[in-house]
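The primary structure of each chain is shown beneath.
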Amino acid sequence: MTRLLVAELRRVAARRLVRLTVALAVVGIALGGVAAFVWSGSLSEETYQQRLADIEERREAQEEETGACLNANGVSRGDEISDDIIDQCFPDEFVEVDDPRFRRSRLNGILQGASGGLAVIGWALGASLVGAEFGSRGMTTLLTWEPRRWRVFLAKTVAVLAATALFALVALALLALAMWPALSLHGAPLRPNDPTLASLAGTAARGVALATLASGMGLAIATIGRNTAAALGAGFAYIIVFENIIGSFIERWRRWLLLGNVIVFVSGRNNGGDIPGRTVTAAALFLTAVAVTLLVAAASTFRTRDLA
Amino acid sequence: MLALDGLELSVRAGGVFGFLGPNGSGKTTTIRCLLGLARPSSGQCRVLGVESPDHLSDVIGRVGALVEGPGVNPGVSGRQALTVLAATAGIGRHAVDATLERVGLGERGDDLVRGYSLGMRQRLGIGIALLKDPELLVLDEPSNGLDPAGIREVRELIRRLGAEGRTVFLSSHLLGEVEQVCDEVAIVAGGRTVAHGSVADVLAGTRPSAMWVKVTDIIAGADTLQRAGLRAELDGDRIRVEVIVEKAESVTRALVAEGHYPTELRPLETSLEDAFFALTDQPSEGAHDASVGR
Numbered sequence: 061m062t063r064l065l066v067a068e069l070r071r072v073a074a075r076r077l078v079r080l081t082v083a084l085a086v087v088g089i090a091l092g093g094v095a096a097f098v099w100s101g102s103l104s105e106e107t108y109q110q111r112l113a114d115i116e117e118r119r120e121a122q123e124e125e126t127g128a129c130l131n132a133n134g135v136s137r138g139d140e141i142s143d144d145i146i147d148q149c150f151p152d153e154f155v156e157v158d159d160p161r162f163r164r165s166r167l168n169g170i171l172q173g174a175s176g177g178l179a180v181i182g183w184a185l186g187a188s189l190v191g192a193e194f195g196s197r198g199m200t201t202l203l204t205w206e207p208r209r210w211r212v213f214l215a216k217t218v219a220v221l222a223a224t225a226l227f228a229l230v231a232l233a234l235l236a237l238a239m240w241p242a243l244s245l246h247g248a249p250l251r252p253n254d255p256t257l258a259s260l261a262g263t264a265a266r267g268v269a270l271a272t273l274a275s276g277m278g279l280a281i282a283t284i285g286r287n288t289a290a291a292l293g294a295g296f297a298y299i300i301v302f303e304n305i306i307g308s309f310i311e312r313w314r315r316w317l318l319l320g321n322v323i324v325f326v327s328g329r330n331n332g333g334d335i336p337g338r339t340v341t342a343a344a345l346f347l348t349a350v351a352v353t354l355l356v357a358a359a360s361t362f363r364t365r366d367l368a
Numbered sequence: 016m017l018a019l020d021g022l023e024l025s026v027r028a029g030g031v032f033g034f035l036g037p038n039g040s041g042k043t044t045t046i047r048c049l050l051g052l053a054r055p056s057s058g059q060c061r062v063l064g065v066e067s068p069d070h071l072s073d074v075i076g077r078v079g080a081l082v083e084g085p086g087v088n089p090g091v092s093g094r095q096a097l098t099v100l101a102a103t104a105g106i107g108r109h110a111v112d113a114t115l116e117r118v119g120l121g122e123r124g125d126d127l128v129r130g131y132s133l134g135m136r137q138r139l140g141i142g143i144a145l146l147k148d149p150e151l152l153v154l155d156e157p158s159n160g161l162d163p164a165g166i167r168e169v170r171e172l173i174r175r176l177g178a179e180g181r182t183v184f185l186s187s188h189l190l191g192e193v194e195q196v197c198d199e200v201a202i203v204a205g206g207r208t209v210a211h212g213s214v215a216d217v218l219a220g221t222r223p224s225a226m227w228v229k230v231t232d233i234i235a236g237a238d239t240l241q242r243a244g245l246r247a248e249l250d251g252d253r254i255r256v257e258v259i260v261e262k263a264e265s266v267t268r269a270l271v272a273e274g275h276y277p278t279e280l281r282p283l284e285t286s287l288e289d290a291f292f293a294l295t296d297q298p299s300e301g302a303h304d305a306s307v308g309r
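As given, the protein sequences belong to chains A and B, one line each in that order.
Residue numbers for the first sequence follow the numbering used here, so the first one is 61 and each next one is one higher.
Residue numbers for the second sequence follow the numbering used here, so the first one is 16 and each next one is one higher.
It cannot be assumed that every hint is accurate.
To be verified - Where chain A lies over chain B, by a calculated footprint (3+ residues, C-beta under 8 Å):
id: 1; stretch: 52 to 63
id: 2; stretch: 83 to 91
What the hints assert, rightly or not - According to the in silico footprint, chain B covers these stretches of chain A (three or more CB under 8 Å from chain B):
id: 3; stretch: 70 to 76
id: 4; stretch: 195 to 202
id: 5; stretch: 206 to 214
The set of hints was computed from the structure by calculation and includes no laboratory data.
Every residue, glycine too, gets a C-beta built ideally from N, C-alpha and C.
Assemble the whole structure, with the sequences as input and the hints as a guide.
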């Protein structure tokens, strides 16, 4: 089994898609780090507080001007306001503090966004790594070397999950590292709501778990459909049909759809996203159950079906 | 759909075994069943003495196979493809290099399979089958896509492997190839074995009961044979007479009795191709093209 697993890991490493994905991820992360540094800036806390006070004054003045304008037009509290009066009385944009600093909360948001991207990459990798084997009949060749199908499926699954987990872990670690110059040179003192290092690590860990689960789902569907396109097509159809149409119209179904659970899971906040009452643990369990069910179905199909 | 129906076949250890049959006769299905790629709804397959697929893993290390062309991901190099498979069986890099050399891909081993010609891919497939240094080789159309020189190389390789004491199970549509390299053959049609035995036996079983006769005056000779109660007709500069080899004496006796001394008397030649078409009820015209395949 160890030999088979080593062979499968070698097979994953030999794939050009994997190498290309890694190369693109490294380039993307490096560019992201540069962009974060360039589009952020340092600011002393004193200057920030001064700007905050100035903004507060301007905001009060803005509110006074708006109130006076509304009174002049005979609008009382609770009245409906016409578009003309809105144009006339309300400012084009409300003033806000210009704070160019790179805060931990921003890093947390970037890690969460990257987790979604890694999940999509994981799905595609899982689907491609097994789908290409069916497409090229490499699976047939492999079975003439190891006819015990459950071992082949297990080795492939473990290899794909491990490779995706490693890829996601390294990608998120590199992403955090790439953001480090911006965070350390353009950072700001911690606020009570800013995430701790432990919670940043938690966000990254959930990102790794999500990408890994997604690769398992992609692999399972590609195994059942015996090609990559089946998994990618199923994923696309699912997002378009179930998530968009059913999820939008039947609210109570949302807790049984993937996207809402993914949002809760990645956010790390109970009752997050648009599924009321969904906890992070419940979302994690739901996603794991979906992945495991698909993998069991794929294993069963792979074990019994004839191969060309 | 019934792909195989009452197919009964046994292959002796050692030597080259030819497996012939027209399109859809069940050749590749048989190979798939043997290698555990397809499960028969009933019946039994044994490979190297063990039940397949249930115990195939016990002997798979001694079996090399090429099924319907090489199944290799085109996005990896030939060397990578072999190295990954070698890793599953604990075979070292040295064997990979030696195999690439053996199939003539030593210099192109690091190129992507995508860039290989059909013949090179086929060589890689044969390399995959040979990598385990197997005692049983199952080769499904190994000459597909090869140029004449390549076909000859493969033919010599198969002959050599058989001579080494390995068992080569060769499924091929090249009847000439099978006739030249095989010690035994089986012909399948409609999912059943219609002939099985040594090449000579299969040929003998389908040999037409006729002989060629040459005499100085073939017209008079043919007339003599007809009067002697034999079916004889002119065919170019010789007479074809319907008689089994064992009764050749009656031909000689009839001719000599009337002063016609045979200058040639021999049975009609039968090739494996003739035997194949006779056994599978296929029309023999254009038999050299791909009308006989999987």
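Margin query: Hint by hint, where does the structure go against what was stated? Just the numbers, ascending.
Written below: The structure conflicts with no hint, since it agrees with every one listed earlier.
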